[in-house]
Amino acid sequence: MILDGKCPSGPLADKWDNHRQDLKLVNPANKRKYTILVVGTGLAGASAAATLAELGYNIEAFCYQDTPRRGHSIAAHGGINAAKNYQNDGDSIYRLFYDTIKGGDFRAREANVYRLAQISNNIIDQCVAQGVPFARDYAGYLQNRSFGGAQVSRTFFARGQTGQQLLLGAYRAFSRQVHAGQIRVHPRTEMLDLVVVDGEAKGITVRDLVSGEIRSYAGDAVILASGGYVNVYNLSTNATGSSVTAAWRAHKKGAFFANPCYTQIHPTCIPVSGDHQSKLTLMSESLRNDGRIWVPKNKNDQRPPHQIPEDERDYYLERKYPSFGNLAPRDIASRAAKQVCDAGYGVGSGRGVYLDFAASIERLGEDTIRARYGNLFDMYQRITGEDAYQQPMRIYPALHYSMGGLWVDYNLQSNLPGLFVLGEANFSDHGANRLGASALMQGLADGYFVIPYTIANYLAGITPGKVRTNSDEFRDSTAQVEGMTNKLLAVNGRKTVNEFHRELGHIMWEEVGMARSEASLTTALEKIPALREEFWDNVRIPGSGNDLNQELEKAGRVADYLEFGELLARDALNRDESCGGHFRVEHQTEDGEAVRDDENFTYVAAWEYGGSGKAPQLHKEPLSFENIELAVRSYK
Amino acid sequence: MNLTLHVWRQKGPNDKGRLERYQAKDVSPDMSFLEMLDEVNEQLVKEGREPIVFDHDCREGICGTCSQVINGQPHGPQAETTVCQLHMRQFKDGDEIYIEPWRARAFPVIKDLVVDRSAMDRIIESGGYISVSTGGVPDANAILIPKADADTAMDAAECIGCGACVAACPNGSAMLFVSAQVSQLAKLPQGRPEAARRVCSMTDTMLDQGFGNCSNHYECEAACPKGISVKFIAMLNREYLKALPKLKPGSMSN
Chain L
1 MILDGKCPSG PLADKWDNHR QDLKLVNPAN KRKYTILVVG TGLAGASAAA
51 TLAELGYNIE AFCYQDTPRR GHSIAAHGGI NAAKNYQNDG DSIYRLFYDT
101 IKGGDFRARE ANVYRLAQIS NNIIDQCVAQ GVPFARDYAG YLQNRSFGGA
151 QVSRTFFARG QTGQQLLLGA YRAFSRQVHA GQIRVHPRTE MLDLVVVDGE
201 AKGITVRDLV SGEIRSYAGD AVILASGGYV NVYNLSTNAT GSSVTAAWRA
251 HKKGAFFANP CYTQIHPTCI PVSGDHQSKL TLMSESLRND GRIWVPKNKN
301 DQRPPHQIPE DERDYYLERK YPSFGNLAPR DIASRAAKQV CDAGYGVGSG
351 RGVYLDFAAS IERLGEDTIR ARYGNLFDMY QRITGEDAYQ QPMRIYPALH
401 YSMGGLWVDY NLQSNLPGLF VLGEANFSDH GANRLGASAL MQGLADGYFV
451 IPYTIANYLA GITPGKVRTN SDEFRDSTAQ VEGMTNKLLA VNGRKTVNEF
501 HRELGHIMWE EVGMARSEAS LTTALEKIPA LREEFWDNVR IPGSGNDLNQ
551 ELEKAGRVAD YLEFGELLAR DALNRDESCG GHFRVEHQTE DGEAVRDDEN
601 FTYVAAWEYG GSGKAPQLHK EPLSFENIEL AVRSYK
Chain P
1 MNLTLHVWRQ KGPNDKGRLE RYQAKDVSPD MSFLEMLDEV NEQLVKEGRE
51 PIVFDHDCRE GICGTCSQVI NGQPHGPQAE TTVCQLHMRQ FKDGDEIYIE
101 PWRARAFPVI KDLVVDRSAM DRIIESGGYI SVSTGGVPDA NAILIPKADA
151 DTAMDAAECI GCGACVAACP NGSAMLFVSA QVSQLAKLPQ GRPEAARRVC
201 SMTDTMLDQG FGNCSNHYEC EAACPKGISV KFIAMLNREY LKALPKLKPG
251 SMSN
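Protein chains in written order, with this note's numbering: chain L, 1 to 636; chain P, 1 to 254.
So here's chain L without its partners, still in its complex pose (with noise of 0.2 Å):
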């Protein structure tokens, strides 16, 4: 099936405020009928809910944290990015529209990405009438720094922890709408099943992960902003307990899965120090505006850091890439480092490089680079027992964001009708590869300032309220979700849920990383089904399904991440070319770029489920280009 992605027709500029014109509405007496189910309260998530909640919907609102204020947004360090232009340097909504389709390696729709850049400029100035309080200078005005992949500094940041301002922010704005009885709340339930009635997604089943107990919901209809996939990997920046669940059970009751294989690897991330090692930890990327990265020129250079003399050091990415440096994008810098770490010139165990802060130490001071991200430093210091002010940090790169996700039209409304994806768990807007700030910033944009709008249009041609829980469709969502539950608790074998966890992050990291051939791949379409097998025969999960099981909820994620990472792998062996974060071995330049077909490839991979066992079928959507014509992406 050739897929539509809806976008309207006209001059890019104008697309967003026409098609708004288009778009039905519910008028305000009509909102207070319909009630609407949203999955997450991360920044998409707490955005869209208190946003639609001001304007009258009823909501409910899911997370499987102990409360709203919790989601991995919180965790986002160096900022969103924004066409403000406060700096004169010669940004404009263009340029980051332009900037964003460019470091996406020209895998993502034009009209959702101008958009955004249009957006982008709302979103601060929501964020500061809520009270973010983001950096200011001595006169008062807002401050911006530099990030990968752009030559103006469109960025603004709340220290080193904007994600988390941002969120609070959301958070408080959605607690406003919980005190005027506008939105209840779910903390601690997880979603397990998509309810869909008629071919429309009308609700959801959930398990309360304190009393164990299944119960349904019906709504007019779902978001869902449940985040992204990379804990597939086992090991990445993600929280614990992210995971692909809510999304990867819409995809079985219908919901396309598109580009999967795009998942970007951050550069800046604290090594592995052990098989122990529960998660990895991320060094902002703003590091990179005052840190140099290097390695010893000389393999396997013993030497600690400081004796390692100047022109002995190859600044590789200075080096490489003389235009954006150090501030090169994430899969450039990060598949960087892996040539320079396999070519034997590594750091530490041999998988690391240096980011090394001691010249803009001797040229701005400690007490400035303190200032700057002294909350990172201490971070680093507490994880490694390494001081950075007075030693180069180890670095290498780490699963850090999932640019796949469930597939959405212009209105954000996935191929089921009533179903509405946001945040990283759509695959809109980052195409093949993510900008850093622009996570924070299309989080925000889709929850604030587009669902509001395209979600009238749908609900404004249904009637409310119609499905109950009590139909037959949400008893057989229940019965599923308790049947699987059990299940799991039947298997008693031998083996934890983290050793099958760990087992499939190797095999994904391996066969399915940063350098991916069709051999890797074939392996890996090999290994998981099989580590899937033995899952359902031999892993153990203790205790009951009546109270809080964590290793219950676990088992759950794992399950889904060994269905998931197969799909994930054959989109990766579909895409026969090199974009963004996939890169595929065989399509490099004689210097490692990355080599796009876009004669082949210009189209986005929305998967649709296949059945228990069976094939999964691709559907395409074309992606045209109108206003930027496809080039060679470089930053050299």
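Among chain L residues calculated to face chain P with C-beta under 7 Å, some are: (1) T67; (2) R69; (3) R70; (4) V128; (5) A129; (6) G131; (7) R136; (8) G140; (9) R172; (10) S175; (11) S273; (12) G385; (13) R540; (14) G543; (15) Q550.
Quick caveat, the hints were computed from the structure, so don't treat them as lab data. This structure is a prediction, so every number in the text was calculated from the model and none was measured. Here a beta-carbon is modelled for each residue, glycine too, at the ideal position from N, C-alpha and C.
Use these hints to put chain P onto chain L, whose structure you have.
Quick look at chain P alone, frame taken from chain L:
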């Protein structure tokens, strides 16, 4: 290194609960405290026993989920460090470690080390926001904010809402938490119009939810993983005094 753990186990809110002994063997100094517990739990699962239940999520010290009292100190012995960021190099071979949940009247135990902190959400819901709806706001630079005020607001805004301040306080007070929220918004021009209503409403809710009051022990500041200063409690008190005559006429003369 090898360690002996004494861990609070409690099946549910109605169970009395008790400390149980576990051995943690071959612990690497590079492990985080939670990774050490992960390994103990894997062993328990392999033996078919129920693992120790504890809250955790981001494991990078920002989400505020993790919450354990270690050897009597919320978040353990290292200053300005959450449990998830605490690493085992802070301990030595042969150590005995006591691990308990947050203990406060407002935080009932759910299971083992997991407590219910939703009372903190109810404090925010009662007024911890600026009543602005999405859209129709001025340009972000239209209202200038002096750097000193923005920085002070940010100092307060660092609060991760973990509740260590409550667990550390002999009165089970949430004063440091409330003061951080109140001060952040009171320092910003956008937050001024509602400042009086906000401070009264939030402090009233704090007391309604079963938190105690402040009697200047400063244990909260010592336990806070983000180093939130008790000066914000002074700021809260000033805001409260300023608000009383506006909201409760006559209250100052009583």
